[in-house]
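Engineer: Protein sequence lines, in the order shown, are assigned to chains Y and H. According to the numbering used here, the first sequence is numbered sequentially starting from 29. According to the numbering used here, the second sequence is numbered sequentially starting from 206.
Keep in mind that the hints are not guaranteed to be accurate.
Cross-link-like lysine to aspartate or glutamate pairs, in silico, EDC-like; alpha carbons within 20 Å at most [unchecked claim]: (1) 630(H) x 75(Y); (2) 677(H) x 655(H); (3) 636(H) x 75(Y); (4) 237(Y) x 207(Y).
Because the hints were derived from the structure by calculation, they are not lab data.
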Amino acid sequence: MVSTPNNAQSLNVGLFVTCLVDLFRPSIGFATVKLLEDNGCIVSVPENQTCCGQPAYNSGDQKNSIEIAKQVISAFKGFDYVVLPSGSCAAMISQHYPLLFKDDSQWEAPAKELATKTFELTTFLTDILKVETVEATFEQQATYHDSCSGLRELGIKNQPRKLLSSVKGLELKESKKAEECCGFGGSFSVKYPKISERIVRDKIEDAQKTETQTLIGGDLGCLMNMAGKLKRENAPMEVRHVAEVLAGMTDVPAIGEGEDK
Amino acid sequence: MKPTSANFYTNVDKALVDKTLQKALRKTAVGFPMLRAKAIDALPEFDTLRDDAVTLKNDVLDNLDYYLERFETKAIEQGGQVHWCSDTQEANETVLKICQAANAKTVTKGKSMIGEEMGVNEYLEEHGIEPIETDLGEYIIQLRNEPPSHIVGPAIHVPKEEVAEAFKEAHTELDAERSLEEPQELLEEARAILREKFINADVGITGANFLVAETGSSAIVTNEGNGDLTQILPRVHIVLASIEKVVPTLEDASTILRVLARSITGQDLSVYTTFSTGPRRDDDIDGPEEFHVILLDNGRSEMLGNEFRDMLRCIRCGSCLGHCPIYTTIGGHAYGWVYSGPMGKVLIPNLIGHEQSKHLPNACTMCGKCEEVCPLRIPIPTMNRVWRGKEHEAKYSSRASRIALGFWAFMAKRPKLYHLLAGFKYSILGKIGRKKGRFTSVPFASAWTEGRDLPSPQGRTFQQQWSDRGGKR
């Protein structure tokens, strides 16, 4: 249960689940729904969504990026806000969609309109819904990883920390390299796996120096990368998405952890 | 040098197992960013200065022809000579002609990335003239016959033991048993050797951090003072500069100076900032008899008109290198040419051709740190993406990756089919994987599972579950 400063809110929010959450970790999606509904939003999940198009965009495939972006713009027409449990995908829509259509008189305006109403989850909670505290319990010490796109393109830094500081039992300890890239980079991780592996090795070493039990972050791609490396190294540190912690939905196994633990 | 950027994978493999290099890179990754952060903390107006520098360089690029001509006029007025060179071949030939006219046997050199770009050392050697690098780092890599691994610290990959080895091999006239364990001993030896070279050189070649249009001066910044001796002692001074190095006024030069050293070594200013204006005048106590400026284009006027124009704002501070997760993992040599790091990724394809350097713009996580720390706010990730677009259009990318991307995009544009197939596939994967929670090896994702596990899907997709519970659409 989350405290609401303003119970009169009944915003129509379209949830962009993101492809990774849809396929790998639906629990993040449901945690997002809970946080939004607890704060008075009416949540819809348009069926005509798959991915924001970032894999095509960052591979230089302009044509497919544009086609996928048009699909997203059409699917999310009419909502007050569009919310994503990912800084990277939110930045794709809010920062890069307008650039994709900057010479397109028909699509530029709708792209910009979607861009202005699209938010990453924690930012939406703190900056739009003015949520100060959540009512969740997580008896752990944890450290937070700032994913690059969210941090540098959207300025996400204090929003998740502010909300996490109200989670009962949770103590956050900063790592030295919280703002450094984990080496995921989408297709980079499989195009240049050896470089990626070396970067994530350094990253988890740094996270473990905090001597906390859990690594929390806001982007599943980065979290799967770091969890995958931690598990490969048989490290006890667990990895969770910030939405699950804020929603108090931490009963499911952490990322990369089995039911048979 | 002959580029090896096409062998990027091999270069990376080599770099990752090079323990000496890895140790040096760890230091670089911590050292330079810490120095920069400290300097910027001490200067609250740093971001305003950056904006000023950006405005200044944009104005220069908008009016480059005007400022270059003005520089030329002023330089000639001061008794200098200006040589416009469209490519490195022409620049090398011009340098050689000047050296030959001066009957030069040896040439001292200050640190110059344009010199590296031209391969001027090799060219002079081929024509019987001995070039001697006088920046300590450059001197070390010259002895080792290597390109720089960092644009500011060319020899940061060489530990002191290996410097000692290179010195013992090169300075055979000295006692073979001498001690070279301490950095101070290395420094003293290099100083003694170079001092003599300075005095005997016929021509001195330096780079230029700026060319000042209003005075016709060139300027260099160094921490060792070697640049001053290089340009003052020999009879002839040659400045190697690319065309975007011009700034309108001395005051503009100081705008750049204020962000330059702070961005890399954290110094307010480098130890020496030296301006050269024409040859020695009658009442000067020292200075060269001839002052030449090579103005090199080498693809830059083309960049002025294409998507990479912003890259011409680069002042070669090297800040992006030490902050880049890729550079600090693989080092400079892996990029396969004289530039490296984020700035190299954008610049190298422009200068040596895209097809052979296509890996460089791809080997980037798009983390954006380079743009964050760039004093000239150059949008490097955006330009990497432009290169990727050109690669996609030119079909330079591998067939396998094109097929994968094409299939993925086909599915992503058909949500109903996508959800149906994804629901089916991920339910099964979830069933197989969720007990253990992860896969340690996956046939179609071996690049991922080589070094890390792949977390298992939980089972039914979000979309399936949302439909099951009749969620609002």
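Engineer: Now tell me, hint by hint, if it's right for this structure.
Structural biologist: Tested hints:
Only pairs whose Cα atoms come within 20 Å are accepted, and residue 630(H) paired with residue 75(Y) is accepted, the gap being roughly 18 Å. For the hint pairing residue 677(H) with residue 655(H), the CA-to-CA distance comes to about 41 Å; that exceeds 20 Å, so the pair is violated. Pair hint residue 636(H) plus residue 75(Y) does not hold up; C-alpha atoms about 24 Å apart against a cutoff of 20 Å. Using a Cα cut-off of 20 Å, the hinted pair residue 237(Y) and residue 207(Y) holds, with the two alpha carbons roughly 15 Å apart.
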